[in-house]
Amino acid sequence: MPYQIIVCGGLAPDPLQTLEPVFDPAKPSLKNELMLPAVFDPWAAHALYEAGRLAKEHPGTLVRVVSLAPKAKLQQVMMTVAQKLPFELAALDGPGGGFTDSGAVAAALAAAIAAMPDLDRSRLLLFGGWESATRGAGAVMQRVAERLGITEQFLAVDELSVEADGALRIKERIEGGRHQISRCSGPPAMLAWATGSLPEPPNHPQTGMANMRVIMPALQKARPVALEPGIEYLRTALPAAVRQTRVVKDVPAAEIAREIAEWIRQ
Amino acid sequence: MEKILVLLHTEDGQLPPSALETLGLARELGGGFDLAVLGAGAAAAAQHASGGAAKCFAVEGEPFAVSRYATDAAACEALIRASGAPLILAPDTMRFHRALPGVAERLGAAIDTHVVSVSPGGEVQRWYYRQRIEAALRRGQRPWILLVEPGSQTPAALQAGSAPELLNVSCNTRTTVEGFSTPIAGEQTIRPDAPLLFVAGAGWTKKQKDGAVHVDEAAELILDFVRRTQCSLGSSKSLVDLSGEGEAVLPFLTHLHQVGQTGSSPRHRKGLATCCHGEEPHVVGWRFIQERRAVNLDPNCGWVRGKADVVYVADAFEVMRELLKLL
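From first to last, the protein sequence lines are chains A and B.
Everything in the first sequence is counted per our numbering, starting at 2 for the first residue and increasing by one.
Everything in the second sequence is counted per our numbering, starting at 9 for the first residue and increasing by one.
Note that these hints are calculated values from the structure, not bench results.
Do not take every clue at face value.
Within a straight-line C-alpha distance of at most 35 angstroms, the following computed DSBU-like cross-link-like pairs (lysine-lysine) qualify [said to hold, decoys possible]:
{"id": "1", "chain 1": "A", "residue 1": "57", "chain 2": "A", "residue 2": "250"}
{"id": "2", "chain 1": "B", "residue 1": "333", "chain 2": "A", "residue 2": "250"}
{"id": "3", "chain 1": "A", "residue 1": "74", "chain 2": "A", "residue 2": "222"}
{"id": "4", "chain 1": "B", "residue 1": "278", "chain 2": "A", "residue 2": "250"}
{"id": "5", "chain 1": "A", "residue 1": "250", "chain 2": "B", "residue 2": "63"}
{"id": "6", "chain 1": "A", "residue 1": "28", "chain 2": "A", "residue 2": "85"}
{"id": "7", "chain 1": "B", "residue 1": "278", "chain 2": "B", "residue 2": "214"}
{"id": "8", "chain 1": "A", "residue 1": "72", "chain 2": "A", "residue 2": "32"}
{"id": "9", "chain 1": "A", "residue 1": "28", "chain 2": "A", "residue 2": "74"}
{"id": "10", "chain 1": "A", "residue 1": "85", "chain 2": "B", "residue 2": "278"}
{"id": "11", "chain 1": "B", "residue 1": "333", "chain 2": "B", "residue 2": "214"}
{"id": "12", "chain 1": "A", "residue 1": "85", "chain 2": "A", "residue 2": "57"}
{"id": "13", "chain 1": "A", "residue 1": "250", "chain 2": "A", "residue 2": "72"}
{"id": "14", "chain 1": "B", "residue 1": "333", "chain 2": "B", "residue 2": "217"}
{"id": "15", "chain 1": "A", "residue 1": "32", "chain 2": "A", "residue 2": "85"}
{"id": "16", "chain 1": "A", "residue 1": "74", "chain 2": "A", "residue 2": "85"}
{"id": "17", "chain 1": "B", "residue 1": "63", "chain 2": "B", "residue 2": "11"}
{"id": "18", "chain 1": "A", "residue 1": "250", "chain 2": "B", "residue 2": "214"}
{"id": "19", "chain 1": "B", "residue 1": "217", "chain 2": "A", "residue 2": "28"}
{"id": "20", "chain 1": "A", "residue 1": "222", "chain 2": "A", "residue 2": "57"}
{"id": "21", "chain 1": "A", "residue 1": "250", "chain 2": "B", "residue 2": "217"}
{"id": "22", "chain 1": "B", "residue 1": "214", "chain 2": "A", "residue 2": "85"}
{"id": "23", "chain 1": "A", "residue 1": "32", "chain 2": "B", "residue 2": "278"}
{"id": "24", "chain 1": "A", "residue 1": "72", "chain 2": "A", "residue 2": "28"}
Build the full structure now, drawing on both the sequences and the hints.
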């Protein structure tokens with residue numbers, strides 16, 4: 002049975018970049034934020050790969066990505082992401098950094114999803130990352146789902162399988178390195194993904210070209226979105242965590258082991 | 009300080025340490041507070057902890073014994089409405105993290121998660137960009153739900169008080185909780201209470217001095233160390249990802265062990281990284297590790313650049329062999 006999968010995902014600075022905050026009480030940001038190379042948010046990317054797998058297993062399934070980010074950056078990132086698997090894009094042109102409010106972001110995403118003309122909510126699986134690599138609040142997906150009336154929600158999902166009767170069997174991460182296993186009778190449901198179990202798919206240029214034919218018009222039509230501030234920031238700072246590292250070189254392994262053993266016992 | 013609702017849930021009929029930490033924070037902040045508990049044995053647990061609370065509420069019963077969005081959200085919504093407090097403090101457990109953002113939406117409330125500090129003046133501190141930037145903030149919107157990061161507060165001692173008012177909550181759900189699984193044997197899991205985090209990096213599966221790969225020996229050394237020290241076992245993303253790239257892997261490591269940008273940020277007093285380069289995406293997961301040491305063959309690895317207290321430039325295989333003789 003085909004699904005309608007909507008993956009919500011924003012952009013995050015490339016994890017290898019050095020981040021430096023620039024303080025402004027109303028709108029803190031990152032130094033050179035617009036110049037920083039960006040990637041599709043890592044956990045949302047895992048959600049997208051899982052959506053691709055499900056679409057392969059259930060022919061007729063439609064995968065759509067809804068993204069709120071500065072349009073120019075989104076276009077750059079989509080050039081890469083589009084090569085991974087077939088999907089359509091609904092783009093919202095707005096601020097994409099971490100210092101935005103989860104409620105305002107959720108409202109914008111939910112409105113974009115609700116406005117999709119051919120949306121069949123009875124077949125809807127709402128996917129996303131369980132936390133972003135920017136705000137890291139882990140609150141947007143639940144709020145989007147609530148706005149869409151979805152009350153079967155799962156957080157930090159690592160595995161989804163569809164049973165013969167169409168029920169969804171879901172593994173969610175819980176404390177202590179364990180998974181909770183739940184069974185949901187079927188869609189609509191919201192799954193906020195953790196890492197899942199799929200590696201990053203290899204780039205497939207033909208898929209990329211086919212995707213970009215629909216992604217480029219979607220980017221051109223991206224609706225500008227202004228987010229309500231809602232938060233008064235008092236300060237932003239880098240943690241003062243640089244340590245005075247002692248480098249131990251040219252010392253026999255037995256001596257190093259003795260020092261480590263002593264340290265562990267302290 | 010405005011009135012606070014301390015919203016807690018039970019685990020196996022008891023209040024977990026994270027709940028007592030949240031209660032401790034509310035007591036520290038001063039002012040009045042209400043207490044609300046949901047879950048199996050909620051009424052008894054609430055009475056054991058309600059000393060000092062102005063009002064006390066509980067939701068219990070079979071549907072609320074398990075952690076599940078629909079039932080938890082319905083219960084939390086009822087408890088928050090019953091109290092009417094403008095500020096809600098709850099522990100940032102997976103159960104509440106799943107439920108409370110949706111509850112915030114229902115109540116028209118604001119929510120902040122991973123909160124590490126709250127001041128009586130309403131200043132809240134939390135991390136952004138995966139523990140790379142810290143920020144202090146304030147909000148005018150009420151109700152305001154704050155999910156308090158476990159491990160960040162001093163737990164309160166239990167003080168018994170009055171019996172709670174039991175609320176009747178009904179809710180329909182299409183989800184049943186079937187059970188739990190631990191994907192790896194107990195001795196290799198992440199142990200939140202362990203004093204030491206041991207991180208195995210990708211170097212364990214690379215060619216060694218003799219030009220060969222020694223994955224079996226690496227696995228034996230790592231597991232032996234974990235068994236002897238009862239430490240938490242973590243890995244870098246690259247090591248976890250090797251499985252997807254068809255390379256030799258340590259079979260007991262999964263994405264659950266991953267520490268860093270797309271993994272966990274565990275709280276341990278000490279951390280020992282081995283064969284791991286200490287790149288920023290991994291090291292952001294070490295933000296709450298107080299004492300850090302690393303063993304690496306590369307004297308220019310990331311750990312040397314102020315990310316570890318001590319870096320041993322040595323062969324991890326040799327060091328671990330010697331270390332195991334001493335433990």
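Verification of the supplied hints:
no.	hint	verdict
1	A/57 / A/250	violated, 53 angstroms
2	B/333 / A/250	holds, 21 angstroms
3	A/74 / A/222	holds, 15 angstroms
4	B/278 / A/250	holds, 21 angstroms
5	A/250 / B/63	violated, 61 angstroms
6	A/28 / A/85	holds, 34 angstroms
7	B/278 / B/214	holds, 26 angstroms
8	A/72 / A/32	holds, 19 angstroms
9	A/28 / A/74	holds, 19 angstroms
10	A/85 / B/278	violated, 39 angstroms
11	B/333 / B/214	holds, 24 angstroms
12	A/85 / A/57	holds, 13 angstroms
13	A/250 / A/72	violated, 50 angstroms
14	B/333 / B/217	holds, 22 angstroms
15	A/32 / A/85	holds, 30 angstroms
16	A/74 / A/85	holds, 18 angstroms
17	B/63 / B/11	holds, 11 angstroms
18	A/250 / B/214	holds, 22 angstroms
19	B/217 / A/28	violated, 52 angstroms
20	A/222 / A/57	holds, 28 angstroms
21	A/250 / B/217	holds, 18 angstroms
22	B/214 / A/85	holds, 28 angstroms
23	A/32 / B/278	holds, 32 angstroms
24	A/72 / A/28	holds, 19 angstroms
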